[in-house]
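The lines below spell out each chain.
Number of protein chains: 2
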Amino acid sequence: MRQQTFFGPTLRDIPADAEATSHQLMLRAGLMRQTAAGIYTYLPLGTRVMQKIQAIVRDEMNRAGAQELLMPAVQPAELWEESGRFDDYGPELMRLNDRHDRRFVLGPTHEEVITSIIRDGIHSYKRLPMNVYQIQTKYRDERRPRFGLLRGREFIMKDAYSFEPSEEALHKSYEIMFEAYRNIFRRCGLDFRAVKADAGAIGGTGGTHEFMALADIGEDTIAYSDQSDYAANVEIADVAPPATEPEDTPAELDFEKGWTSGEELASKRGLPLSAVIHGHLYYINKAPVLFLTRGDHKISDVKVGNYFDTLQVEEASSAQTEHLFGAAESFIGPVQAPTDVKIIADQAIRPLTNAICGGNQTEAFYLNVDHRRDCEIDAFADLRIVQEGDPSPDGKGNIQFAEGIEVGQVFKLGTKYSEAFGATFLDENGKSKSLQMGCYGIGISRTLAAVVEQCHDESGIIWPKALAPFDLHVLMINQKDEDQSTLAENLYEGLQAEGYDVLLDDRDERAGVKFKDADLYGMPIRITVGKKAGEGIVEVKDRKSGEMTEVQVENLPAYLKDIGF
Amino acid sequence: MRQQTFFGPTLRDIPADAEATSHQLMLRAGLMRQTAAGIYTYLPLGTRVMQKIQAIVRDEMNRAGAQELLMPAVQPAELWEESGRFDDYGPELMRLNDRHDRRFVLGPTHEEVITSIIRDGIHSYKRLPMNVYQIQTKYRDERRPRFGLLRGREFIMKDAYSFEPSEEALHKSYEIMFEAYRNIFRRCGLDFRAVKADAGAIGGTGGTHEFMALADIGEDTIAYSDQSDYAANVEIADVAPPATEPEDTPAELDFEKGWTSGEELASKRGLPLSAVIHGHLYYINKAPVLFLTRGDHKISDVKVGNYFDTLQVEEASSAQTEHLFGAAESFIGPVQAPTDVKIIADQAIRPLTNAICGGNQTEAFYLNVDHRRDCEIDAFADLRIVQEGDPSPDGKGNIQFAEGIEVGQVFKLGTKYSEAFGATFLDENGKSKSLQMGCYGIGISRTLAAVVEQCHDESGIIWPKALAPFDLHVLMINQKDEDQSTLAENLYEGLQAEGYDVLLDDRDERAGVKFKDADLYGMPIRITVGKKAGEGIVEVKDRKSGEMTEVQVENLPAYLKDIGF
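If you're matching them up, the sequences are chains A and B in order. Sequential numbering of the first sequence, starting at -5, is according to the numbering used here. Sequential numbering of the second sequence, starting at -5, is according to the numbering used here.
Each hint should be verified, as a subset may be incorrect.
The list treats identical chains as one, so a pair stands whether inside a single copy or across any two.
[Said to hold, decoys possible] Taking lysine-lysine pairs in the PhoX-like style, the calculated list, with each CA pair at most 25 Å apart, reads: (1) 508 / 120; (2) 120 / 474; (3) 190 / 292; (4) 120 / 510; (5) 390 / 292; (6) 120 / 425; (7) 508 / 538; (8) 474 / 510; (9) 425 / 555; (10) 190 / 410; (11) 427 / 166; (12) 120 / 427; (13) 46 / 390.
Since the hints were made in silico from the structure, they are not lab data.
The task is simple: from the sequences and hints, build the whole structure.
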């Protein structure tokens, strides 16, 4: 492609309202333009990268045995009422009426459409398992679109749906998809982690993993081991159980008043924060439950919900706490707690002896608490948020934190949608069963942005080879110099004939402008045809390392192969 | 792909509400399913064909120098107000509001979006001409969606927009696109005609052509020469001028009353219909104009408007005709017509002598009319609709009619949108000018349906080689027979290794079902592995000719190459 008439307009200044680096660079390098808040036009450079990502996704999905189809963006509201999500989805679901006033939605996802199609198309175990996918435009009316493609309102996704005869089959398909996802993100050149995640409102009792691209702009925190593959969303990351049972001999239970907090009391007594037991009162499915954590730990609402396998988790109000315990939350504890309140303690409480906890009166605390002697704890569980430095739950290394961008997620849905739509099949014994389902998403446009977040320097983008819009960028420094223009044109034709995608800067611009734009565009290899053109010498620059090498043109093809191109 | 778990559900019966053959076959062969009226899901077979069409379109567009980009489907209403089309477009424009009650449309076309982007990205003649295209989902809220993909509400289009420094440059780009379109439809295996068409409301004073796939279901009539490339939409097809000037000596002008029509009078006098002159009163830009055609011809409203280069064409009401001529339209004519009425005659009037025309009184007619002697005709022009059997306007052969499906259209838009959006550039002399624009559309999903309309028989679809979802369909007749299953599996692996896309029918179904489904699916070549598998013999069937040949498996690759596969 000749740059003279190539539509890749660059910007020198950082656009004022672009916070994320990827957003800034994608505007500056002419990959895209904003058409409305959270809605973008992909210009030729952006389109080329997107298509390379899509080709990798298609390749891996087909290899994994998935079949491509294409569902519509406009979906009848009735389908969403059948699944119950028309109301549940809230204002993020874009809605419209047609000329006959029939109601439609712009699909944020396609469980409803595909389940209704499969219900009518699949009736026997002989056709299972079946995995279908599409690459398609999705809509989510974000309250505050931001960060460019990272949180847009119209975006491109690959979504796959698998239909299975059994939970074992679902597990197998899930593993296959998991592996395909690892391949996809590896081939895209991303530094990523597959992390255990929470299913949230999408439902499904099976597992779910998020694929997170590591990046400072990330909206999620990942807990990962510094010595193994272990990684999880920090909200649900497992905490390794404590190594020991209580050993110290407990002193006699004591009771004191006049302290504003357990921390204050501990500090006065020279005890660490870890000697304090915090009480947290929740209503789980409308019944009160007292959860206990150590003073130096934070409770995870997601773990609390998961312990009872429910989304109905609410913290008690001040009035409710006051009513049940006769004191504010800072002063409640498991000793002499109301008998109708269940008590679940974090596993880190188990080794504690001589602990401090609330006295269930204002400004009152117990000291020398031994939970075996002084409390009625119903169960111990993993309730707290993991901390940096904690041992990794797989026993290898310690936990570190990193910020990440979610670029993909795999879910075991189970029968949530197949039951809502009556999607059944006859098994080997002629018995009717609900289909087991999995769903598997990749944010294509998000992946593009995540790559830019990871691959850039202060001068611009540094494309990984597999995604670069062009393989080679040939710069003709002075197009009025006959040696230069002849050599550059010959290279342009010759390198294309060898199968390279080549961008030729044949513009009537100063050399400085050409160099700046080339760095901003970020093709992996820049070939500059300048003053030594007469001697048949060009300069080859590796965008990533910055290394420049003078090469005789006749050696250029061999040189490019040598450096892996 | 193994058919056992391939999602291509077939239907034995013709779906009740599918009128068009393509609609019936695409449902029956499992290419698509309806998700809502005029809104379809493309199943794997349909998706594969669609992608093959898209690959051909991309290839030809890139070859023609166009650059791919991707614009959003959701567009801000403000852009459509800037062009004036927000109101003009009527109820076919789908509209929606976001959560902040900002107004959007679902784009039926993208002139507004692209012109606003180019306005900000192109400022100099040096970057011109530039041609950008996308393959994208479009929306048109048809009052009555029908014929499957032929008149849908969500559909896939390729739309290109060229930006030019001059009308000459636009003309050149138009020619390049025209040629690319011919290549595309030829490669898709379509029997089509490029026909001159009317620009209608999309505007632009330059030319426009429609690409019409010939098919009985067609909603447009094409006039084409039986001996040349000439073809045009019947509404605007040129009529060859009559060969001769008047020759007969006119008799004396006569006047008679008591006839209900010119035809009645002509019949009584033994004169042909072609001796009668009909008057048609129109208001053009609010001024009355009397148009004349021969009694055996029909007037074309499009030609009437084009003659005056206006869309403001209205037939006079009875009251207006009565007021101006003192008689109803059946009795009006050019002799003694009101002097403030312009008279434009169809060119076929020119050779007439001794004609009959209205007497401008009720039931009155003139006879022996010679327009040179008796009328004040302001101009002669081509005003009538062409008829079958007319000589072709290019002098080669005669006009025939055919029905056609519009699969593409190319337009010279001129400056209509660039002026509305202030999209200007500086020319070689530093002078600011409005960009000249062209736009070029192809209905991708329509092309798919048009191919099915043309390529089928009573048993199913007959895919042209370039678009077939799979190249080869291997049928394993009895999967319990070891010879058959081994041979079929070997063929399946071996043929894929040779680069063929292969569908293997490995289902546990009767042979009759497999043959019926294979004919319905319509892959170009069917390879049946049956009773002679033990001898290493398979049966190769050409879906189009129906020809069957027994082939030794070791000769199969050579045989396939021989027959062009």
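Which of the stated hints cannot be reconciled with the structure, identified by number in ascending sequence?
9 and 13
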